[in-house]
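Build the full structure now, drawing on both the sequences and the hints.
As given, the protein sequences belong to chains A and B, one line each in that order.
Counting from 1, position 78 in the first sequence corresponds to residue 200 in the working numbering; the numbering is continuous, with no gaps.
Counting from 1, position 129 in the second sequence corresponds to residue 251 in the working numbering; the numbering is continuous, with no gaps.
In case anyone wonders, no lab produced these hints; they're calculated from the structure.
Be a bit skeptical, because a hint or two may be false.
Because identical chains cannot be distinguished in the list, a pair is counted as satisfied if it fits within a single copy or across any two copies.
Claimed, not checked - Here are the computed lysine to aspartate or glutamate pairs in the EDC-like style, where the Cα-Cα straight-line distance is at most 16 Å: (1) Lys278 / Glu144; (2) Lys268 / Glu246; (3) Lys278 / Glu139; (4) Lys278 / Asp146; (5) Lys268 / Glu300; (6) Lys250 / Asp220; (7) Lys194 / Asp211.
Number of protein chains: 2
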Amino acid sequence: MRKIVLDLATTLDGFIEGPNGEVDWCIMDDDMSFDEFLDSVDTIFYGRVSYDAWGNFHPDAGSNLTELALWKAVHSKRKIVFSSREREDANAEFITADLITNVKKIQSQEGKDIWLYGGAKLIETFIKNNLIDTYRISVHPLALGKGKALFGDLTKVLPLKLVGTKTFKSGVVQLIYERAAKE
Amino acid sequence: MRKIVLDLATTLDGFIEGPNGEVDWCIMDDDMSFDEFLDSVDTIFYGRVSYDAWGNFHPDAGSNLTELALWKAVHSKRKIVFSSREREDANAEFITADLITNVKKIQSQEGKDIWLYGGAKLIETFIKNNLIDTYRISVHPLALGKGKALFGDLTKVLPLKLVGTKTFKSGVVQLIYERAAKE
Chain A
123 MRKIVLDLAT TLDGFIEGPN GEVDWCIMDD DMSFDEFLDS VDTIFYGRVS YDAWGNFHPD
183 AGSNLTELAL WKAVHSKRKI VFSSREREDA NAEFITADLI TNVKKIQSQE GKDIWLYGGA
243 KLIETFIKNN LIDTYRISVH PLALGKGKAL FGDLTKVLPL KLVGTKTFKS GVVQLIYERA
303 AKE
Chain B
123 MRKIVLDLAT TLDGFIEGPN GEVDWCIMDD DMSFDEFLDS VDTIFYGRVS YDAWGNFHPD
183 AGSNLTELAL WKAVHSKRKI VFSSREREDA NAEFITADLI TNVKKIQSQE GKDIWLYGGA
243 KLIETFIKNN LIDTYRISVH PLALGKGKAL FGDLTKVLPL KLVGTKTFKS GVVQLIYERA
303 AKE
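Here it is as structure tokens:
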């Protein structure tokens with residue numbers, strides 16, 4: 123069964139955004155091999171708001187080649203949007219009910235891993251239903267003291283199993299976990 | 123000049139305690155070499171509440187030898203308590219005014235490094251005044267979703283410089299930072 127992978131950038135004190143949505147601290151270094159991660163997935167799960175914001179985003183033509191290549195890779199994936207409402211969309215499939223059943227069905231299909239893109243509400247739903255297989259959390263070298271919390275307000279403790287770490291030249295440390303609790 | 127070192131255990135999502143003060147998730151593995159850290163310091167800075175709670179704590183005689191040895195080492199250090207009130211105390215020196223001046227004076231004295239023990243309010247004061255040289259943050263493999271925040275509510279962004287990482291068999295990852303901003 124292919125894995126559902128969450129990939130998030132956080133500050134050392136556990137914020138994914140500043141109090142006004144600031145993400146200017148977020149580093150994308152050339153040694154981070156985000157392209158390798160993208161290459162390991164063929165499907166992306168979005169919440170509806172995140173899909174509308176980023177699902178069909180195209181960087182300016184003048185952007186650097188790495189960024190252009192990354193977005194091109196993103197847009198080559200199968201996109202699935204979890205939403206309360208049906209929508210016809212040329213670039214994505216919408217799922218409006220039976221989230222768990224549909225996720226398990228997609229997960230059991232042949233293919234590469236699945237990137238759980240976000241946003242926060244969708245991630246919370248996936249955590250609560252124990253649907254995330256791999257957590258890739260990139261801890262950035264700063265503290266904000268306030269902002270949007272990494273996992274929101276969990277209803278119970280989330281135990282994790284460390285499976286690897288990577289240190290990047292910028293001082294970002296990626297911590298990779300699997301779920302510790304099996305259903 | 124000797125260094126002021128903060129050593130804290132946190133969850134992946136940046137909590138040092140659960141909402142009811144829970145620290146039962148905190149792991150002290152035998153590969154963590156806390157004794158080596160203790161050996162690198164000869165002075166401990168406490169806030170008054172932390173000192174009263176832990177400054178003269180003695181574990182039960184039936185505790186394991188490692189714990190007994192750690193506490194013995196703690197109690198061999200010079201202890202300095204930052205408090206709003208003077209107190210005569212056989213085991214500690216009380217500082218009630220001019221925190222920054224006194225800290226710099228102690229720091230300029232000959233000796234090993236200084237452990238900034240806590241609590242939260244004292245740590246906040248040290249962060250705000252840019253007095254911490256080394257941050258040793260042990261990220262534990264779990265998320266709580268709520269609790270007491272790692273650094274409290276900072277007044278400004280705290281930039282850090284990663285200087286090392288250590289991974290322990292329990293899945294704890296220690297991230298070691300120095301201040302990125304010089305005064």
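Each hint, compared with the structure:
1. Lys278 / Glu144: between (28 Å within a copy, 13 Å between copies)
2. Lys268 / Glu246: Only across copies: Lys268 and Glu246 sit 13 Å apart there, 19 Å inside one copy, limit 16 Å.
3. Lys278 / Glu139: between (23 Å within a copy, 14 Å between copies)
4. Lys278 / Asp146: between (31 Å within a copy, 14 Å between copies)
5. Lys268 / Glu300: Intra 27 Å, inter 21 Å, cutoff 16 Å: neither.
6. Lys250 / Asp220: within (15 Å within a copy, 49 Å between copies)
7. Lys194 / Asp211: Answer is neither; intra-copy 19 Å and inter-copy 67 Å both fail.
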